[in-house]
Structures are given as C-alpha cells and as structure tokens.
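Modelling step: build the complete structure from the supplied sequences, incorporating the hints.
By the count of the numbering used here, the sequence shown reaches residue 452 at its end, each step adding exactly one.
Just so you know, the hints here were simulated from the structure itself, not pulled from any lab data.
Ideal Cβ positions, reconstructed from N, Cα and C, are used throughout, including at glycine.
Wrong hints could be hidden among the right ones.
[What the hints assert, rightly or not] Derived DMTMM-like pairs: lysine to aspartate or glutamate, alpha-carbon spacing no greater than 25 Å straight-line:
1) LYS301 - ASP397
2) LYS301 - ASP315
3) LYS301 - GLU171
4) LYS301 - GLU287
5) LYS301 - GLU261
6) LYS301 - GLU333
7) LYS301 - ASP391
[Stated by the list, open to error] Label-pair restraints from in silico Cβ distances:
8) ASP117 - HIS329: 43 to 49 Å
9) ALA272 - GLY305: 17 to 23 Å
10) ASP117 - ALA175: 43 to 49 Å
11) ARG145 - ASP408: 34 to 40 Å
12) GLU80 - ASP391: 34 to 40 Å
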Amino acid sequence: MEHTPTPQDADTADADGTATAWNRGRVGLWLIGARGSVATTVAVGVHAFGAGLAAPTGCTTAEPGLAEVPLPAFEAIVIGGHDLSTVALVDRAEALAAAGMLPAGIVASVRDDLARTDAEIRPGHDPASHAGSQLDAVRRLAADIADFRDRHGLAHVTVVDVSSTEPLPADRPEFHDAVLLAGALADPDLAILPPSSLAALAAVEAGAAYACFTPSAGLGLPALRALAATRIPFAGQDGKTGETLLRTVLAPMFAERGMRVLSWAGANLLGGGDGRTLADPEAVRSKLASKNRGLKALVGDHVVAPLHIDNVPDLGDVKTAWDHINAEGFLGSRLTLQTTWSAYDSMLAAPLVIDLARLLSLADAVGVRGVVPALGCFFKDPWGSDVHAFADQSAALRSWASDLAEQFAGATDPGSVAGAPGSRECAAESGATASAVAEPVAVGSAR
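As structure tokens, then:
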C-alpha cells in the first residue's frame with residue numbers, strides 16, 4: 006500500500022544547530038474503539054492542545070527530558086478510527102462533560118473539530134454480521150487506514166487499540182505458526198482471531214505503527230508478533246494509568262529498603278463501559294493477570310496478592326482503587342500501608358495514548374521495526390521487557406528517545422530517514438505488508 010504524503014517541512018534546527026525539529030508533516034492517530042470514553046477524551050485533548058486552549062498536563066512527552074525530542078506537534082495529529090458504535094463523537098464528549106469529566110467549555114470550543122474527527126471514523130469489525138473470511142476483514146480494515154493516510158497526506162499513522170477488553174482466546178496451533186494462520190484466515194468457514202487481533206493485523210497490513218492499550222490479545226499472539234517484527238514498530242500491553250502505576254513506584258521502595266512484602270491486596274471499583282465489560286469473568290481474567298504480573302516481578306512470587314474488580318454503575322467513569330500492603334521489617338516487625346487512588350480513568354489514559362502516537366511516529370520515521378521495550382513505562386505488561394519499576398522504565402524511555410533524536414538529526418533530508426515516505430525502503434516494505442497476509446509463504450517468511 007504505497008502512499009505519497011506531502012510533508013510540511015519545518016526548519017530542522019535551532020539557530021545554534023543543537024536542536025532538531027519534527028519535519029515530517031502531519032501524522033495520523035487511528036483509534037480502535039474510536040467513540041469510547043478514552044478515544045473521545047484523546048480527541049478533545051488533541052484539539053484543545055492544538056488550539057492552545059489547554060496545557061498538555063499529564064503528557065509525558067511535554068515534560069523536560071522529552072519536550073526537546075523532535076516529535077510531531079499536537080496540532081499535527083489527525084485522528085480517525087474504527088468503532089461499532091454510531092453515537093456521534095460530539096454527543097459522546099458532551100455526555101462526558103455533563104458527567105463532570107471533561108470541561109464543558111473546552112468541549113464546546115472544539116465541537117467543530119470533533120465533528121470532523123467523527124467523519125473519519127469507520128465501522129469496526131463485527132463478527133456477528135461479517136460475511137467472508139477473516140482475511141477479507143483484515144483487508145477492509147487496512148484499506149480504511151491506508152485511505153485515511155492517503156487522503157490527509159500523512160507521513161506516519163499509529164494505530165492504538167483502546168477498545169473494550171475481550172476474553173482471551175483459547176490457544177491454538179495457528180497462533181504459533183504463520184503458515185497455518187494464513188490458511189485459517191483465508192478460510193471463510195473459520196474465525197480463529199478475536200477482533201482485537203484482526204485490528205492489529207490490519208495495522209501491520211497498512212504499514213502503521215501499533216500500540217495495544219488493552220489486555221486483549223491484539224498483536225500479542227506469537228505468529229502475529231513474528232509477522233510484525235520486520236514491518237512496523239509496536240508496543241504493549243494494557244495501559245498503566247492508576248493503581249498499577251502506583252504499585253510499580255512503591256514496590257521497588259520496599260525492595261530497596263530490604264523489607265519483605267508479605268501481602269498486597271487490591272480492590273477496584275468502577276462503573277461506565279469498563280465496569281460493565283469487566284463484570285464478565287472471562288473479560289476480567291486478562292486484566293487481573295496483567296495487573297498482578299508486574300507486582301510479583303518486583304516483590305517476589307511469594308506475595309499473597311488477591312485482587313478483584315467490581316462494577317459499581319453509579320461511579321460512572323470514576324475509578325477508585327484501594328490497596329492494603331503488609332510487609333515485614335526489622336526484627337520481624339510489621340508495617341502496613343494503605344493507598345487509595347481515585348480518578349477519571351479516561352483522563353489518565355488519554356495523555357498516554359497521545360504520547361504513544363507521538364513517540365511511535367518518531368520511531369517509524371527513523372526506521373525502528375519490531376517491539377519497542379523502551380515504551381514499557383506506559384504499560385502494565387510491557388512487551389519485550391521484564392523491567393516493571395517505573396523509575397527504571399522512565400529512564401529507559403528518556404535514553405531511547407534521546408537516541409532516536411540523534412538518529413533523526415543525522416538525516417540530512419526527510420527522504421534519507423529510514424522508512425521515510427518516498428524512500429526505497431518504505432516502498433518495498435509497503436509492498437511486503439500489502440501481501441503479507443494474502444500469501445502463506447510471505448507470512449511464514451516473517452518468522
């Protein structure tokens with residue numbers, strides 16, 4: 006799927022020659038679940054930042070250490086996406102404002118921008134109504150992304166899955182063998198991949214960077230990961246926004262002080278769409294696993310860590326997380342710590358999604374391919390990394406971004422950046438991804 010964007014070049018260096026600015030033009034952010042609470046909050050934030058209506062508080066990429074990295078400006082981000090919902094984005098934003106989550110004045114000011122974004126949302130994959138093979142579905146979803154990129158002349162597109170959590174699929178041989186997977190995808194009588202994985206595969210097919218912000222399967226299946234490894238930069242999994250963020254800050258403290266954590270119990274209360282989704286025992290299973298995996302990596306597998314998530318509808322989009330920590334200290338003394346975290350979860354998630362879009366655009370621009378472990382600070386269950394301590398993850402992010410900035414600065418013109426639109430590498434790779442899921446041999450060669 007070749008494309009010929011027209012970058013809006015900017016001056017590439019400050020007067021002293023020490024700083025390099027983003028010079029690749031506009032970029033796309035394609036959201037899976039584009040009319041949900043998180044996606045709506047992302048859209049309101051991007052438009053508000055671009056218009057100078059609000060400061061990018063909560064965005065890691067706007068903070069010292071990353072603000073100097075050549076990233077796309079907020080106003081350079083164009084948003085589209087897939088969703089099954091037909092509720093207009095404006096209506097969704099106004100409902101969130103009425104509930105007290107979004108500032109009503111900002112929603113009113115970006116109303117026209119939201120309407121334009123809403124026009125860029127296409128129907129997602131509905132297994133109940135789909136006719137044909139899953140390969141047909143992937144091609145249709147990928148074509149939507151490619152059309153979005155081409156119509157807007159976008160240098161790069163990042164797909165971020167912020168859709169509702171799915172039950173994890175039962176393991177199958179096709180999940181581990183790309184040739185078997187290709188055959189199954191082409192069979193109209195089989196439907197082995199969950200919707201999140203079809204959306205992830207569509208990102209690969211379209212040559213778009215990808216981030217999985219949910220605990221759903223997405224690109225986490227081994228055969229899909231192998232296929233993506235040489236084609237796109239990608240990161241996951243399950244956004245680290247609240248309780249788990251706090252856990253990965255506090256847990257290293259106990260270890261560094263030589264204290265032994267005996268138990269770490271947690272309870273989560275939330276309503277809204279997430280509350281309804283996670284009331285399903287199968288859907289909540291993957292969420293509970295991702296929340297506890299990092300904790301055990303930090304304090305040890307011995308820790309007793311009961312955790313439950315309860316749907317409390319009247320809480321709406323406010324999530325309250327309570328943790329009770331019992332640790333052993335000097336001469337066997339006991340220490341107890343209790344924490345309570347309460348916030349609008351979508352307001353915590355949205356800036357991270359924007360950060361991922363900016364960082365993965367830069368990664369794509371310098372030719373990064375495969376999993377990006379340095380983005381682990383954004384996720385509960387980071388792909389490609391066993392580092393969970395937030396301070397260590399943040400340091401890794403800054404170091405990685407600094408390295409990318411140097412690579413970007415080393416390019417004398419946009420076409421010389423690896424994977425740049427119009428470059429031989431990009432054209433060749435675009436052709437490879439276009440045929441990757443169509444031919445079993447091509448899929449197998451990615452392993």
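Results for each hint:
{"no.": "1", "hint": "LYS301 - ASP397", "verdict": "holds (16 Å)"}
{"no.": "2", "hint": "LYS301 - ASP315", "verdict": "holds (22 Å)"}
{"no.": "3", "hint": "LYS301 - GLU171", "verdict": "holds (24 Å)"}
{"no.": "4", "hint": "LYS301 - GLU287", "verdict": "holds (22 Å)"}
{"no.": "5", "hint": "LYS301 - GLU261", "verdict": "holds (15 Å)"}
{"no.": "6", "hint": "LYS301 - GLU333", "verdict": "holds (16 Å)"}
{"no.": "7", "hint": "LYS301 - ASP391", "verdict": "holds (11 Å)"}
{"no.": "8", "hint": "ASP117 - HIS329: 43 to 49 Å", "verdict": "holds (48 Å)"}
{"no.": "9", "hint": "ALA272 - GLY305: 17 to 23 Å", "verdict": "holds (22 Å)"}
{"no.": "10", "hint": "ASP117 - ALA175: 43 to 49 Å", "verdict": "holds (46 Å)"}
{"no.": "11", "hint": "ARG145 - ASP408: 34 to 40 Å", "verdict": "holds (37 Å)"}
{"no.": "12", "hint": "GLU80 - ASP391: 34 to 40 Å", "verdict": "holds (37 Å)"}
Figure legend: structure checked against the earlier numbered hints; every hint is met.
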